[in-house]
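K.L.:
Starting from the known structure of chain A, arrange chains B and C on it as the hints suggest.
Chains as they are written, first to last, in the working numbering: chain A, 1 to 127; chain B, 1 to 127; chain C, 1 to 127.
Think of the hints as simulated: they come from the structure by calculation, not from any bench.
Honestly, I wouldn't trust all of these hints.
Which copy is meant is left open, because identical chains are indistinguishable; a pair holds if it fits in one copy or across any two.
Mimicking EDC-like on lysine to aspartate or glutamate, the simulated pairs with C-alpha atoms at most 20 Å apart in a straight line are [as the list claims (entries may be wrong)]:
id, residue 1, residue 2
1, K98, E32
2, K21, E92
3, K21, D41
4, K125, D72
5, K35, E92
The structure presented is a predicted model; accordingly, all values stated were derived computationally and were not measured.
Residues per chain, in single letters:
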Amino acid sequence: MRFTILATFAALLTYCWFLLKVGQARRKFGVEAPKTTGNADFERIFRVQQNTVEQLVLFLPSLWIFGFYVSDILAGLLGLGWTAARALYAAEYYADAKTRGPGAALTFLIGIVLLVGGTIGALIKGP
Amino acid sequence: MRFTILATFAALLTYCWFLLKVGQARRKFGVEAPKTTGNADFERIFRVQQNTVEQLVLFLPSLWIFGFYVSDILAGLLGLGWTAARALYAAEYYADAKTRGPGAALTFLIGIVLLVGGTIGALIKGP
Amino acid sequence: MRFTILATFAALLTYCWFLLKVGQARRKFGVEAPKTTGNADFERIFRVQQNTVEQLVLFLPSLWIFGFYVSDILAGLLGLGWTAARALYAAEYYADAKTRGPGAALTFLIGIVLLVGGTIGALIKGP
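Okay, chain A solo, but in the shape it has when bound (with noise of 0.2 Å):
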């Protein structure tokens, strides 16, 4: 499981510099816990990171799915890409919320890629 886990761990990894961003952009912007709003460029910051996890909840089991059934390899080919598809994503967003789409979009598509191919593949030979 060599490659589903550097996979997991490059994700991981930069999920973690998300969250060291949003702590950042609450001293920078001045928005106080528990407020997440009320600041523009703290909320598109914000965002990046809930979105992340809400990826990650999708994409963490697919891929492990994925790489156990189906192919290591292919699964740490495939979560390296979804990593590069979050880090183009955040600089979309980071920018301008409006241009978010194509790093969104390729997220999202190679966790559905994982989920539902390992799924077949467990079906197929798993016991």
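P.N.:
Only chains B and C this time, still in chain A's reference frame:
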């Protein structure tokens, strides 16, 4: 783990549906990112998805521990029950936030049963 | 994986407690769904639960990789430390949002240690 995987697939596919509904509702009700508030119709659709993330982080690990250490087929049945409860919750919440109780309670209850049952099973059987 | 499972159980049970606190706070402070803002007392209780979701998506996969490839018992100990840090965070945040730093930092640090340690362990030992 065939039934555990099928239950995972059903839960995550339903979740993808909730995700797509949020994107659609952004356009329909004119709630532009990064905003997530300001229109009660959008907010109900958004909260269904958000609350499903909140329940998935309890459900998925518990389902897999239960499926591995207690019973794959019983995990599959409880897991499909979880997805049915989520669909009920969404239908209730989309119609009127006040009526979401039964679907919410049933989802949570199944999550707890899987967590407690899976942990007990693992401590008895597992190495 | 006995200790990894016990740590998972402790973390998720604590999370269930945070979830129940949100439901109770909705009634106590009159914040009706789908709203999640408008009352600072409610918002602190809500953010404790939300932030725990944000940390669980990092913690749980990292814990299991660490428990499987490095050490089950050490994963269990670090995992129980994570839950203790979360309980500290909740106590701090419920009292005053400004004092939540130590619990937040400790939770995040343990997540990172499990992620990095588990990945290194998997690359050295794993197939």
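K.L.:
Now tell me, hint by hint, if it's right for this structure.
P.N.:
To see whether the hints hold, each was checked on the structure:
{"no.": "1", "hint": "K98 x E32", "verdict": "between (26 Å within a copy, 8 Å between copies)"}
{"no.": "2", "hint": "K21 x E92", "verdict": "within (15 Å within a copy, 22 Å between copies)"}
{"no.": "3", "hint": "K21 x D41", "verdict": "within (12 Å within a copy, 25 Å between copies)"}
{"no.": "4", "hint": "K125 x D72", "verdict": "both (14 Å within a copy, 16 Å between copies)"}
{"no.": "5", "hint": "K35 x E92", "verdict": "between (24 Å within a copy, 16 Å between copies)"}
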